[in-house]
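Student: Sequence:
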Amino acid sequence: DACRAADPALRATARITLARDPFEIDAAHPFVILVRDAAATVLGASPAIEGLSFWADSAFTAAAGIPTVLFGPAGEGAHADDEWVSARSLIACAEVLTAAARAFCR
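The C-terminal residue of the sequence shown carries number 121 in my numbering, and the numbering is unbroken.
Honestly, I wouldn't trust all of these hints.
To be verified - Ranges between beta-carbon positions, derived for each pair:
1) Arg117 / Cys18: 33 to 39 Å
2) Cys18 / Ala63: 31 to 37 Å
3) Ala74 / Cys120: 22 to 28 Å
4) Ala24 / Phe46: 51 to 57 Å
5) Ala93 / Arg26: 17 to 23 Å
6) Phe75 / Arg121: 24 to 30 Å
7) Cys120 / Asp41: 20 to 26 Å
8) Pro82 / Ala27: 15 to 21 Å
9) Ala93 / Ala60: 19 to 25 Å
10) Arg19 / Gly87: 24 to 30 Å
11) Thr32 / Thr56: 28 to 34 Å
12) Arg121 / Ala29: 48 to 54 Å
13) Val100 / Arg121: 24 to 30 Å
No lab work stands behind these hints, which were simulated from the structure alone.
Positions of the beta carbon are idealized from the N, C-alpha and C atoms, including for glycine.
Using the sequences plus the hints, can you model the full thing?
Tutor: See below:
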């Protein structure tokens, strides 16, 4: 309405071109426990299990029936001009994911 008030000739329409379903996995799911246990072993403490307000591609893999969690290194600035992760955290994350993959494939 504000744009049309500024330019009465404005004509616009909108349409949905992609809908993305939300993603949630039960905190008691065996895969969540497997990743949490791998993280506890590598990091010395269990990571927090919490929800996030953003959408991620994990919803696609979960929708395909693949057990899915979001787990990554510490950092800041996702998708910003100044995006970074801690090198130490990146190495620890790789170790956790390796331990989780080994446990999952047993």
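Student: Against this structure, judge whether each hint is valid.
Tutor: Right, here's what the structure says about each hint:
no., hint, verdict
1, Arg117 / Cys18: 33 to 39 Å, "55 Å, violated"
2, Cys18 / Ala63: 31 to 37 Å, "42 Å, violated"
3, Ala74 / Cys120: 22 to 28 Å, "24 Å, holds"
4, Ala24 / Phe46: 51 to 57 Å, "55 Å, holds"
5, Ala93 / Arg26: 17 to 23 Å, "36 Å, violated"
6, Phe75 / Arg121: 24 to 30 Å, "26 Å, holds"
7, Cys120 / Asp41: 20 to 26 Å, "22 Å, holds"
8, Pro82 / Ala27: 15 to 21 Å, "42 Å, violated"
9, Ala93 / Ala60: 19 to 25 Å, "24 Å, holds"
10, Arg19 / Gly87: 24 to 30 Å, "43 Å, violated"
11, Thr32 / Thr56: 28 to 34 Å, "43 Å, violated"
12, Arg121 / Ala29: 48 to 54 Å, "50 Å, holds"
13, Val100 / Arg121: 24 to 30 Å, "29 Å, holds"
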